[in-house]
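As given, the protein sequences belong to chains A and B, one line each in that order. Numbering of the first sequence is given in the working numbering, commencing with residue 5 and proceeding in unit increments. Numbering of the second sequence is given in the working numbering, commencing with residue 278 and proceeding in unit increments.
Keep in mind that the hints were calculated from the coordinates and are not lab data. Backbone N, C-alpha and C fix where the C-beta goes; we use that ideal spot for every residue, glycine too. It is possible that part of the hints are untrue.
As the list claims (entries may be wrong) - Distance condition first, Cα-Cα at most 25 Å in a straight line; then the derived SDA-like pairs of lysine to any residue:
#, chain 1, residue 1, chain 2, residue 2
1, A, Lys276, A, Leu341
2, A, Lys336, B, Val290
3, B, Lys312, A, Ser242
4, B, Lys334, A, Gly167
5, A, Lys221, A, Asp244
6, A, Lys221, B, Asp339
7, A, Lys179, B, Gln317
8, A, Lys82, A, Phe291
9, A, Lys82, A, Thr266
10, B, Lys334, A, Leu234
11, B, Lys312, A, Leu234
12, A, Lys221, B, Asp288
13, A, Lys336, B, Ser327
14, A, Lys336, B, Lys316
15, A, Lys93, A, Pro73
16, A, Lys276, A, Ala344
17, A, Lys93, A, Arg12
18, A, Lys209, B, Lys334
Stated by the list, open to error - Residues from chain A that keep clear of chain B, each with C-beta distances beyond 12 Å, as calculated:
#, residue
19, Val91
20, Lys209
21, Arg275
22, Gly339
23, Asp355
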Amino acid sequence: MSKHRYDRQTRLEGFGIKGQELLGNARILVVGAGGLGVPICTYLNAMGVGTLGIVDGDTIDQTNLHRQPAYGPEDVGKPKVSVLAQVLKKQNPASLIRTHREFLGPANALELLEPYDLVVDATDRIPTRYLLDDACVIRNIPWVYGALHGFEGQVSVFNYREGPTYRCLFPRIPKQGEIPDCNQLGTLGILPGIVGSLQALEAVKVVCGLGTVLSGKLLLYNALDQQTQLINFGRDLSQDARKIRDDAHYAPDLCEAGGGVTLSQYREKARKGRPPLLVDVREPHEFETNHLPEAVNIPLIELEHALESLDVPRELYFICHTGSRSSQAFRKLNGRLKTATIYWIQGGMRDIQAGQP
Amino acid sequence: MTVLLFGVTRDIVGNGSLSIPFSKAGNLDTVGELKAYLKQVYPPLGELSSLAVAVNKTYARDTDPIDRMDEIALIPPVSGG
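Start from the sequences and build out the full structure, keeping to the hints where you can.
The following block contains the structure:
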């Protein structure tokens with residue numbers, strides 16, 4: 005460790021050489037290399053966290069660039085973890101960066117978390133946060149939560165020294181479609197930067213024992229009026245027993261909805277007989293960036309109205325970014341079209357881009 | 278009684294807060310009763326499976342009492358990252 009690099013940090017009273025040593029020995033896993041993951045990793049790496057793991061199976065998209073400033077136009081299509089690791093190594097050659105080019109799921113969660121002391125959540129899916137919560141309780145690892153909605157952010161630290169967890173705050177997993185995501189709502193480029201920076205700060209506080217960690221407190225941030233609120237909450241003992249459950253638990257509606265097919269099943273069908281209609285239910289700007297050549301674009305919100313004027317063949321397939329909106333489209337219209345059978349494509353464009361059909 | 282709205286509850290109501298008139302708030306004795314009342318006025322709120330409620334900045338359960346001077350916050354999980 006170069007003493008000079010961290011001089012302005014080690015001379016800070018209350019942090020000092022001791023704080024720097026603690027950071028240097030820390031092993032932190034960041035789940036997600038997107039809007040939150042980029043600022044989290046950038047600061048933790050620059051400040052001298054010894055081992056930084058990054059999990060993400062996604063590739064860089066044109067629409068990521070306004071809020072993920074580690075990436076540029078020439079990186080579009082490349083795996084996020086690889087590009088981010090290169091940037092981080094250049095910024096701080098001394099740190100050890102471990103990349104995991106996969107999505108966190110019930111099958112790999114416990115194994116991925118095992119070598120780390122702290123997890124920072126930078127995912128964009130609510131069910132993944134329930135999985136993270138379960139895995140961290142089982143592994144006895146604290147985790148720093150951060151999430152966005154429009155101009156708002158939420159930050160907290162869960163499972164810290166027997167403190168409350170995500171399930172203590174939100175006991176039940178929302179159904180698909182209840183809570184809109186950034187792809188639908190949009191997000192201002194700076195907001196994940198602010199929320200991610202708050203998370204990186206909490207991570208440093210946990211590692212170095214600084215100040216008061218946001219455990220048992222939920223920070224609500226509103227960017228438009230610069231208001232923050234701290235909500236106090238306690239551990240719910242009825243949530244103490246944990247195990248990693250199956251895919252159906254963490255994506256209940258996706259599995260219960262029915263009508264879900266894999267991309268290869270769709271392609272198989274499309275090759276035979278009368279071609280089905282493929283409707284991409286994402287927003288037009290997402291469709292412009294990438295889409296399957298045979299797809300027509302009808303955003304979810306316009307779907308019911310638009311289908312009245314469409315000539316629907318015998319089979320109708322929906323696709324979106326991850327399977328969230330396409331399964332909603334399925335639920336909305338299933339049984340309502342007399343002549344057509346409806347399906348939705350699991351994984352969606354994200355898996356196609358990530359090369360995981 | 279003031280109800281602060283976060284995340285999707287703000288979108289549903291179309292505003293960052295709600296004022297419940299004293300006459301109505303006086304009849305609401307618990308968090309559960311307040312939730313039932315709000316679901317009547319804004320039915321999409323009733324469809325949320327997970328909705329945390331804080332009374333004066335502290336997490337509250339459905340059976341916890343409320344007073345018409347309280348500041349309530351409706352906090353759903355949020356998704357983006």
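Which numbered hints are broken by the structure, listed smallest first?
Violated hints: none at all, because every hint is consistent with the structure.
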